[in-house]
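A.B. asks: Generate the whole structure from the sequences, applying the supplied hints.
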Amino acid sequence: MKTWLYIAVMALVTYLIRALPLTVFHKKIQNRWVRSFLYYVPYACLSAMTFPAIFYATQSLWSAAAGVAVALVLAYFGRSLIVVAAGACAAVLIAEQLLPLFLR
Amino acid sequence: MKKEFLQGLRDGSPIMAGYFAVSFSFGILAVQGGLSVLQAALTSLTNVTSAGQFAGLQVIVGGGALVELVLTQVIINLRYALMSLSLSQKLAEGTTLWQRCVIAFANTDEIFAVAMSHAGSLRFPYMAGLQILPILGWTAGTAAGAVAGSLLPAALTSALGVALYGMFIAVVVPAARKSRPVLAAALLAIALSCVLFAMGVSSGISIILCTVAASAVMALLHPVEGGEQA
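The listed protein sequences derive, respectively, from chains A and B.
Using the working numbering, the first residue of the first sequence is number 66, and each one after it goes up by one.
Using the working numbering, the first residue of the second sequence is number 2, and each one after it goes up by one.
Source of the hints: derived by calculation from the structure; they are not laboratory data.
Here a beta-carbon is modelled for each residue, glycine too, at the ideal position from N, C-alpha and C.
Not one of these hints is a red herring.
If you want the footprint, here are the derived chain A segments under chain B, 3+ residues with CB under 8 Å:
1. 100-113
2. 153-167
If you anchor each label on the Cβ, the simulated ranges turn out as follows:
3. Pro154(B) - Thr88(A): 39 to 49 Å
4. Met66(A) - Gln59(B): 12 to 22 Å
5. Met66(A) - Leu221(B): 48 to 58 Å
6. Val89(A) - Pro154(B): 40 to 50 Å
7. Gln162(A) - Gln8(B): 34 to 44 Å
8. Leu166(A) - Gln8(B): 41 to 51 Å
9. Val138(A) - Ala192(B): 19 to 29 Å
10. Ala192(B) - Met66(A): 43 to 53 Å
11. Val196(B) - Val89(A): 32 to 42 Å
C.D. replies: Next comes the structure, spelled out in structure tokens:
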């Protein structure tokens with residue numbers, strides 16, 4: 066029962082955070098600094114969420130590094146979201162099978 | 002009208018595939034933490050957010066207080082307020098209140114990124130098309146992970162754990178390649194994030210600080226041109 070309450074509260078809080086700025090702010094923002102600030106937000110946010118967290122998301126630092134390297138290369142050459150994500154997963158999987166052979 | 006909806010579906014389909022893979026790992030973790038398959042799937046259907054759900058799950062599994070849950074959600078999801086604010090600037094004139102309420106529901110990192118890179122202002126049919134497949138993929142992936150997760154070996158779940166980060170990299174790198182200031186904002190955020198991590202600052206607070214600091218500095222050093230949509 067408690068878990069259901071927590072899930073409901075979580076959903077409500079997440080929705081309100083998303084909905085209020087979309088429903089309250091109808092006017093175009095004129096201030097150049099504010100518009101510039103908002104332009105950079107997604108890139109700064111996604112970068113901060115990925116690093117250094119990704120290095121601790123797998124069973125070893127080295128397999129994570131392999132995933133990062135593959136993701137960076139694929140993304141640099143403009144591959145789609147799914148290809149980059151799948152490439153990173155595959156690199157981690159392969160690295161974790163190979164690493165025990167070297168790190169004895 | 003219909004053409005815009007179909008364009009949205011097309012742009013949303015790669016996100017759906019990515020979400021299915023990423024939410025699969027959320028489903029695994031949720032069931033390991035004691036949630037039922039239905040609870041895990043409903044959490045994904047009603048939240049449609051990766052970081053917030055992972056953090057919320059930790060609070061639920063750890064038996065944390067409701068206040069703690071609300072606080073982590075506000076802090077970790079505060080970036081969506083900034084993204085919704087950005088998105089509201091790009092919505093077509095005449096987008097109604099209820100349409101805005103629907104669009105707000107799944108304003109995720111990836112949907113936001115795709116929407117912002119869409120040429121011209123955003124109309125409701127396009128946004129509806131863009132959001133529907135990712136929502137289904139996110140929910141279905143969670144359910145599949147919750148059901149099948151316990152059957153998978155640890156090496157596979159470990160590899161699936163980086164899918165989410167891979168998607169983030171796929172959004173940032175092409176933009177950073179085209180624009181030096183975007184690259185600078187990303188590197189600044191990463192540097193600060195590493196420092197805060199070393200200091201032991203919690204991930205939710207760190208994300209907020211890095212986002213605000215890097216964006217503020219770059220807006221000051223390199224404001225975007227008038228024509229550029231923020």
